[in-house]
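J.: Here is how the chains run, residue by residue.
There are 4 protein chains.
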Amino acid sequence: MSTIVRVTVWNEFRHEQENDKVRNLYPQGIHHALASYLEKVGFNMKTATLDQPEHGLTTEVLDQTDVLIWWGHKAHHEVQDEIVARVQQKVLDGMGLIVLHSAHFSKIFKTLMGTTCDLKWREAGEKERLWVVRPGHPIVEGIGEYIEIVKEEMYGEFFDIPQPDELIFVSWFEGGEVFRSGCTYYRGNGRIFYFRPGHETYPTYYHPQVLKVIENACRWAAPVSTTKPTFGNYKPLEPLHRL
Amino acid sequence: MSTIVRVTVWNEFRHEQENDKVRNLYPQGIHHALASYLEKVGFNMKTATLDQPEHGLTTEVLDQTDVLIWWGHKAHHEVQDEIVARVQQKVLDGMGLIVLHSAHFSKIFKTLMGTTCDLKWREAGEKERLWVVRPGHPIVEGIGEYIEIVKEEMYGEFFDIPQPDELIFVSWFEGGEVFRSGCTYYRGNGRIFYFRPGHETYPTYYHPQVLKVIENACRWAAPVSTTKPTFGNYKPLEPLHRL
Amino acid sequence: MSTIVRVTVWNEFRHEQENDKVRNLYPQGIHHALASYLEKVGFNMKTATLDQPEHGLTTEVLDQTDVLIWWGHKAHHEVQDEIVARVQQKVLDGMGLIVLHSAHFSKIFKTLMGTTCDLKWREAGEKERLWVVRPGHPIVEGIGEYIEIVKEEMYGEFFDIPQPDELIFVSWFEGGEVFRSGCTYYRGNGRIFYFRPGHETYPTYYHPQVLKVIENACRWAAPVSTTKPTFGNYKPLEPLHRL
Amino acid sequence: MSTIVRVTVWNEFRHEQENDKVRNLYPQGIHHALASYLEKVGFNMKTATLDQPEHGLTTEVLDQTDVLIWWGHKAHHEVQDEIVARVQQKVLDGMGLIVLHSAHFSKIFKTLMGTTCDLKWREAGEKERLWVVRPGHPIVEGIGEYIEIVKEEMYGEFFDIPQPDELIFVSWFEGGEVFRSGCTYYRGNGRIFYFRPGHETYPTYYHPQVLKVIENACRWAAPVSTTKPTFGNYKPLEPLHRL
Numbered sequence: 092m093s094t095i096v097r098v099t100v101w102n103e104f105r106h107e108q109e110n111d112k113v114r115n116l117y118p119q120g121i122h123h124a125l126a127s128y129l130e131k132v133g134f135n136m137k138t139a140t141l142d143q144p145e146h147g148l149t150t151e152v153l154d155q156t157d158v159l160i161w162w163g164h165k166a167h168h169e170v171q172d173e174i175v176a177r178v179q180q181k182v183l184d185g186m187g188l189i190v191l192h193s194a195h196f197s198k199i200f201k202t203l204m205g206t207t208c209d210l211k212w213r214e215a216g217e218k219e220r221l222w223v224v225r226p227g228h229p230i231v232e233g234i235g236e237y238i239e240i241v242k243e244e245m246y247g248e249f250f251d252i253p254q255p256d257e258l259i260f261v262s263w264f265e266g267g268e269v270f271r272s273g274c275t276y277y278r279g280n281g282r283i284f285y286f287r288p289g290h291e292t293y294p295t296y297y298h299p300q301v302l303k304v305i306e307n308a309c310r311w312a313a314p315v316s317t318t319k320p321t322f323g324n325y326k327p328l329e330p331l332h333r334l
Numbered sequence: 092m093s094t095i096v097r098v099t100v101w102n103e104f105r106h107e108q109e110n111d112k113v114r115n116l117y118p119q120g121i122h123h124a125l126a127s128y129l130e131k132v133g134f135n136m137k138t139a140t141l142d143q144p145e146h147g148l149t150t151e152v153l154d155q156t157d158v159l160i161w162w163g164h165k166a167h168h169e170v171q172d173e174i175v176a177r178v179q180q181k182v183l184d185g186m187g188l189i190v191l192h193s194a195h196f197s198k199i200f201k202t203l204m205g206t207t208c209d210l211k212w213r214e215a216g217e218k219e220r221l222w223v224v225r226p227g228h229p230i231v232e233g234i235g236e237y238i239e240i241v242k243e244e245m246y247g248e249f250f251d252i253p254q255p256d257e258l259i260f261v262s263w264f265e266g267g268e269v270f271r272s273g274c275t276y277y278r279g280n281g282r283i284f285y286f287r288p289g290h291e292t293y294p295t296y297y298h299p300q301v302l303k304v305i306e307n308a309c310r311w312a313a314p315v316s317t318t319k320p321t322f323g324n325y326k327p328l329e330p331l332h333r334l
Numbered sequence: 092m093s094t095i096v097r098v099t100v101w102n103e104f105r106h107e108q109e110n111d112k113v114r115n116l117y118p119q120g121i122h123h124a125l126a127s128y129l130e131k132v133g134f135n136m137k138t139a140t141l142d143q144p145e146h147g148l149t150t151e152v153l154d155q156t157d158v159l160i161w162w163g164h165k166a167h168h169e170v171q172d173e174i175v176a177r178v179q180q181k182v183l184d185g186m187g188l189i190v191l192h193s194a195h196f197s198k199i200f201k202t203l204m205g206t207t208c209d210l211k212w213r214e215a216g217e218k219e220r221l222w223v224v225r226p227g228h229p230i231v232e233g234i235g236e237y238i239e240i241v242k243e244e245m246y247g248e249f250f251d252i253p254q255p256d257e258l259i260f261v262s263w264f265e266g267g268e269v270f271r272s273g274c275t276y277y278r279g280n281g282r283i284f285y286f287r288p289g290h291e292t293y294p295t296y297y298h299p300q301v302l303k304v305i306e307n308a309c310r311w312a313a314p315v316s317t318t319k320p321t322f323g324n325y326k327p328l329e330p331l332h333r334l
Numbered sequence: 092m093s094t095i096v097r098v099t100v101w102n103e104f105r106h107e108q109e110n111d112k113v114r115n116l117y118p119q120g121i122h123h124a125l126a127s128y129l130e131k132v133g134f135n136m137k138t139a140t141l142d143q144p145e146h147g148l149t150t151e152v153l154d155q156t157d158v159l160i161w162w163g164h165k166a167h168h169e170v171q172d173e174i175v176a177r178v179q180q181k182v183l184d185g186m187g188l189i190v191l192h193s194a195h196f197s198k199i200f201k202t203l204m205g206t207t208c209d210l211k212w213r214e215a216g217e218k219e220r221l222w223v224v225r226p227g228h229p230i231v232e233g234i235g236e237y238i239e240i241v242k243e244e245m246y247g248e249f250f251d252i253p254q255p256d257e258l259i260f261v262s263w264f265e266g267g268e269v270f271r272s273g274c275t276y277y278r279g280n281g282r283i284f285y286f287r288p289g290h291e292t293y294p295t296y297y298h299p300q301v302l303k304v305i306e307n308a309c310r311w312a313a314p315v316s317t318t319k320p321t322f323g324n325y326k327p328l329e330p331l332h333r334l
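Chains as they are written, first to last, in my numbering: chain A, 92 to 334; chain B, 92 to 334; chain C, 92 to 334; chain D, 92 to 334.
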């Protein structure tokens with residue numbers, strides 16, 4: 092637990108290059124904004140983006156990653172299935188995965204959930220208030236009873252996901268909707284955290300409490316050195332047919 | 092609830108045609124053995140097999156199916172991805188799915204779970220005892236504290252599945268292993284039940300209590316007429332920006 | 092499943108006798124309003140109130156009850172511990188329990204939950220919108236994507252309950268809060284449903300969709316005839332010390 | 092997380108004073124055996140026993156306790172209700188609680204669970220094998236695929252507990268039974284771990300892997316410094332009645 096957690100931020104990195112508003116907010120990309128913060132609070136950081144070879148997620152990079160953060164929106168379909176399968180296996184082997192905002196529709200999240208991960212949405216710059224419904228969880232260390240974001244995109248229920256193993260946040264939206272906005276899942280040896288906020292046209296990833304939650308999630312999702320299960324044909328541990 | 096539940100049994104139907112021992116046990120196939128029983132207890136039955144066009148799972152057949160039972164073993168890879176996607180969507184729309192024994196490795200189950208669904212196994216004709224750990228659940232109506240099967244294949248933990256929404260049975264094996272052998276999952280509007288017993292070389296699908304569990308599961312998994320969620324862009328229900 | 096479900100509505104029945112506003116809404120008591128509706132939709136109804144001997148919950152009454160509905164608010168402390176223990180045992184033996192609104196603080200609910208069941212509240216006649224987060228569940232049969240109640244008391248998170256086995260509804264409140272407003276729990280052989288709406292000064296128990304949810308919950312919570320577990324000293328099923 | 096976790100081991104401490112066999116195994120009591128090990132691996136230890144004033148669990152002691160371990164068997168009824176209520180509140184406020192073996196029937200565990208916590212049992216010195224069904228969980232750090240205990244008391248299903256939030260271990264017993272032998276629960280701000288092994292007539296609390304699990308559980312159950320929820324009357328965060 093004393094070793095430094097190695098976090099890789101993966102970003103689609105298209106909006107920032109195509110849209111002035113987004114570029115102004117995140118001049119070097121959302122991945123860079125997140126990595127800068129996380130580096131300051133003690134993580135060993137890497138970044139990777141869609142247009143790099145193998146989307147920047149080579150076997151070497153993943154082997155040096157304890158926790159992978161994923162942000163994508165408009166180009167989910169460009170992510171190669173082979174890389175998705177590679178990331179999925181890494182998660183099942185113990186790598187943590189933090190899925191942010193519009194990455195609810197990423198191939199990796201849909202693959203790990205087994206559902207459509209569809210939802211309602213509205214881009215109207217409205218208020219979101221994320222209520223903590225799981226105090227005592229490491230992901231909300233240092234967070235108050237709720238987080239308020241002045242302007243965000245709305246996501247509304249029904250959110251087509253498996254019931255979360257742990258429901259951490261529920262969001263209230265100005266327009267009348269609610270959303271399960273902080274959800275954990277345990278899959279194989281790995282831990283997954285879906286966290287809703289972060290539309291690219293708002294400065295959400297500069298919000299201190301949003302950053303604090305992501306920081307906490309990175310610590311929480313880091314792998315524990317437990318035994319990797321064995322599978323396949325297995326000899327009996329006790330004598331058979333003795334009756 | 093008074094209408095008759097329509098159940099389709101899907102079977103790979105290869106062992107029965109290739110192996111004398113299996114053919115002797117299930118001369119018309121595992122699907123036929125299950126359908127015969129289920130018809131007698133009041134279901135409206137269909138069967139479908141791998142080698143039929145579209146594996147027998149045309150849109151028409153699925154539209155007339157409330158609950159789909161799935162048995163497969165040696166030819167999972169021959170099931171077309173397109174049909175798997177069709178069945179997955181049907182489950183998310185509300186169709187029940189009963190996954191039996193070696194179908195833990197079927198494409199449809201792995202897709203819905205998001206994990207490898209791998210496990211330990213041994214074919215040694217040993218005793219299995221399935222203990223009920225969820226009394227009061229409709230799936231164990233009429234079942235005692237445990238079910239005993241004199242000879243079965245062993246499946247052992249770790250079983251790489253998401254933690255079940257409801258754990259119904261845990262198996263004890265003569266050789267020293269345990270297994271989560273009855274597991275429910277809720278996905279979208281649909282219900283899934285994984286039930287372990289049923290290796291093709293044993294007469295497990297003539298065991299009265301095994302059949303009773305499958306019967307109960309078919310009733311439990313039948314769709315409830317609830318509202319199908321809507322997704323996508325959504326207008327506010329309350330006035331925005333009024334502050 | 093074809094037999095008629097026997098439901099007993101328990102009501103504290105004090106507000107209706109002491110407060111004109113409440114009496115005007117529920118002249119014969121909340122229990123009577125609920126029982127009238129439920130009788131019409133096919134249940135076999137009984138009522139019981141705090142000031143009856145044994146609070147109307149004699150062993151005889153409970154033995155003839157499949158599902159017990161509980162409404163209480165200002166006199167929780169007057170309910171005798173002995174009756175609470177009796178009801179708890181009945182639930183563990185398979186009786187369904189529907190806990191309404193302010194009964195979150197009833198002795199029976201707190202006893203079954205093991206937590207304080209505390210929450211935030213505000214009586215300001217504001218709008219509540221209950222979003223369905225579990226489509227496909229029998230409790231929301233015939234219910235749309237949400238239920239709107241024009242005026243209700245607010246309950247806000249954190250609601251100090253165990254994580255629900257199934258989260259069915261999440262409420263949005265005009266004043267900025269959210270609440271897990273429909274929660275199921277499985278305890279022993281019994282099923283419990285907590286349903287938030289129903290402050291005594293509003294006509295909530297005449298709202299067609301609120302009534303429909305309670306009706307659905309009564310069907311869902313009715314006991315299944317499964318084996319009652321045995322406890323205590325137990326002889327081995329397999330020979331010991333054979334190694 | 093860098094501060095030393097303060098653990099208090101509570102023991103009934105009667106068997107050790109009344110029974111030679113137990114005294115020979117645990118000359119200074121089970122609490123002392125556990126505390127000795129835990130001190131060596133870095134915890135700040137205290138012990139407390141039934142016959143001390145306030146059972147050794149004064150407000151002062153509990154205020155200095157991050158994690159409380161509980162072992163009891165024959166004198167559960169002698170624990171005062173007032174102390175049980177005090178411990179329960181501490182758990183809801185964030186203190187960790189490790190419940191061992193026969194403490195399944197302790198007042199504190201039954202109070203926190205809301206069920207009878209009853210089970211089957213047999214004292215026959217048989218083999219127990221605890222299988223890990225949740226690899227990747229901090230509680231199984233350093234543990235292999237299973238733990239074997241040569242001689243233990245048998246506990247069998249049905250174990251009348253709420254479905255665990257996380258099921259970590261499932262036990263296989265020589266005599267043919269299974270048991271959910273490692274279960275976590277989140278209640279309020281606190282974490283609870285029930286761990287089955289530890290009958291007083293066997294040297295179970297010298298078993299290196301049993302001790303390792305308890306050590307891991309103490310680290311896992313230590314409180315996280317999150318916000319304590321507020322309850323009661325609450326002012327609106329948004330303007331009401333604006334429509």
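Calculated from the structure, these hints are not laboratory results. Owing to the predicted nature of the structure, the values given are computational and were not obtained by experimental measurement. One or more hints might be untrue.
Heads up, the list lumps identical chains together, so a pair's fine if it works in one copy or across two of them.
[What the hints assert, rightly or not] Here are the simulated SDA-like cross-link-like pairs (lysine to any residue), alpha carbons at most 25 Å apart as the crow flies:
id	residue 1	residue 2
1	201	167
2	201	241
3	218	332
4	218	111
5	137	257
6	201	330
7	319	251
8	112	233
9	303	313
10	198	174
J.: If a hint holds in the structure, say so; if it doesn't, say that too.
T.: Here's how the hints hold up against the structure:
In this assembly of identical chains, residue 201 and residue 167 lie within 25 Å of each other by CA distance both inside one copy and across copies; the values are 11 Å within and 21 Å between. In this assembly of identical chains, the alpha carbons of residue 201 and residue 241 never lie at most 25 Å apart, being 29 Å within a copy and 37 Å across copies at closest. Taking the closest pair of Cα atoms, residue 218 and residue 332 come within 25 Å of each other only across two copies (9 Å); inside a single copy the shortest separation is 67 Å, beyond that limit. Within a single copy, residue 218 and residue 111 get their C-alpha atoms as close as 23 Å, which meets the 25 Å cut-off; across copies the closest is 40 Å, which misses it.
In this homomeric assembly, residue 137 and residue 257 never come within 25 Å of each other (Cα to Cα): the closest approach is 28 Å inside a single copy and 32 Å across copies. For the homomeric pair residue 201 and residue 330, neither the shortest alpha-carbon distance inside one copy (44 Å) nor that between copies (33 Å) is at most 25 Å. With identical chains, the CA atoms of residue 319 and residue 251 are at most 25 Å apart between copies only, with a shortest distance of 11 Å across copies and 30 Å within one. Taking CA atoms no more than 25 Å apart as the test, residue 112 paired with residue 233 passes in neither setting, with 31 Å inside one copy and 45 Å between copies.
Both within a single protomer and between protomers do residue 303 and residue 313 lie at most 25 Å apart by alpha-carbon distance, with minima of 16 Å and 20 Å respectively. Proximity of residue 198 to residue 174 under the C-alpha cut-off of 25 Å is found in both arrangements, the shortest distances being 10 Å within a copy and 19 Å between copies.
Violated hints, listed in ascending order, are 2, 5, 6 and 8; each of the other numbered hints is respected by the structure.
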